[in-house]
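Respectively, the protein sequence lines represent chains A and B. Once you know that position 91 of the first sequence is 91 in full-length UniProt numbering, the rest is easy, because the numbers rise by one and skip nothing. Once you know that position 55 of the second sequence is 55 in full-length UniProt numbering, the rest is easy, because the numbers rise by one and skip nothing.
Among the hints, erroneous ones may be present.
[Unchecked claim] Taking lysine-lysine pairs in the BS3-like style, the calculated list, with each CA pair at most 30 Å apart, reads:
id, chain 1, residue 1, chain 2, residue 2
1, B, Lys6, A, Lys92
2, B, Lys77, A, Lys77
3, A, Lys101, B, Lys65
4, A, Lys69, B, Lys39
5, A, Lys101, B, Lys6
6, B, Lys6, B, Lys101
7, A, Lys106, B, Lys92
8, A, Lys81, A, Lys106
9, A, Lys81, A, Lys109
10, A, Lys92, A, Lys8
The hints are simulated quantities; they were obtained by calculation from the structure and are not laboratory data.
Here are the chains, one letter per residue:
Number of protein chains: 2
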Amino acid sequence: MGVIRKTKAVSTVLSIFENKNEAKSVVSLIELVKGEMNKTTVYRILDRLEQDGIIHSFNGKDGLKWYAKCEGCSAHKHSDKHPHFQCTECDKVECLSLEVKIPALKNHKVDSTDILLMGQCETCCS
Amino acid sequence: MGVIRKTKAVSTVLSIFENKNEAKSVVSLIELVKGEMNKTTVYRILDRLEQDGIIHSFNGKDGLKWYAKCEGCSAHKHSDKHPHFQCTECDKVECLSLEVKIPALKNHKVDSTDILLMGQCETCCS
DNA sequence: AAATTTAATGCAACTTTGTTGCAAATACAA
DNA sequence: TTGTATTTGCAACAAAGTTGCATTAAATTT
Ligand SMILES: [Mn+2]
Ligand SMILES: [Mn+2]
Ligand SMILES: [Zn+2]
Ligand SMILES: [Zn+2]
């Protein structure tokens, strides 16, 4: 709803996502900016950036919240519904541009789908 | 590894899963048996039952832990890898006997997959 | 450029989920 | 029935996430 202000804290968080195209857990983000801003601020900035379609969130394998940059989203629609991959060795999380077909479900109305693949990433594979 | 003992608390938890074929969140289980046993005990019993292949666990949409009865599992292999459905209205969670094909992922070794469908359940649909 | 408005932040206190250590209780086998 | 290993309760703790409120700092207006 409210206009998002370009504060120092917002810029810092934004730059983290712009530099690397890799998902970040909230916990790691808080750690990254520790000393520079409060954890409450991190949570609130992430909320706002998600509402504005700049980042999207999902749950990792341990139930923790992760965020990653959006591709073609806006405040009014998050159009990047894709699966994620979490490495069980190094814990890295990637957005996948993979199309997964979900068979129709009788007597249910499916609105969204969370898919998390787990295993070894490219680095940990070799 | 230890043998699982048939205590009163274990029987109580088991009966909850045996009566209804519906997933239960840990939070709701603790609430259900409140007064009868300690929450630590609930957590530990669920751990043991999962290790023994009697129940399986997964994360709901809010990152909370859920459990449901297993179909043909044992202590040595959990063979019921299936998607789950969580109703966004009544919060009910169901195990789905649905086969979802995941396309191959280059340079990754995928060991497991968590799939959660969200929407309206049969009851909330009509 | 100053004043005003409104959003954003810091901080402390809190909630919720989940874990740990240890002493006491209980299941079960001998 | 006795001995032992497992299970339980309890209290204290840990980690993730939220809330209220006073203060600060953007963005607008004058
Ligand atoms: Mn993503
Ligand atoms: Mn299930
Ligand atoms: Zn890895
Ligand atoms: Zn429902």
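Structure-based check of each hint:
About 41 Å separates the Cα atoms of B/Lys6 and A/Lys92, which puts this hinted pair outside 30 Å; it is violated. Between B/Lys77 and A/Lys77, the direct Cα distance comes to roughly 41 Å. Violation of the 30 Å bound is thereby established for this hinted pair. About 26 Å separates the Cα atoms of A/Lys101 and B/Lys65, which keeps this hinted pair within 30 Å; it holds. Between the alpha carbons of A/Lys69 and B/Lys39 the distance comes to roughly 38 Å, so the proposed pair goes past 30 Å and is violated.
About 43 Å separates the Cα atoms of A/Lys101 and B/Lys6, which puts this hinted pair outside 30 Å; it is violated. Between B/Lys6 and B/Lys101 the CA atoms are separated by roughly 39 Å; this puts the pair beyond 30 Å, and the hint is violated. For the hint pairing A/Lys106 with B/Lys92, the CA-to-CA distance comes to about 16 Å; that is within 30 Å, so the pair holds. Between A/Lys81 and A/Lys106, the direct Cα distance comes to roughly 22 Å. Compliance with the 30 Å bound is thereby established for this hinted pair.
Only pairs whose Cα atoms come within 30 Å are accepted, and A/Lys81 paired with A/Lys109 is accepted, the gap being roughly 17 Å. Note on A/Lys92 and A/Lys8: the hinted pairing holds, with a Cα-Cα distance of about 27 Å set against a maximum of 30 Å.
Hints 1, 2, 4, 5, 6 from the list above are not met by this structure, while the remaining hints are.
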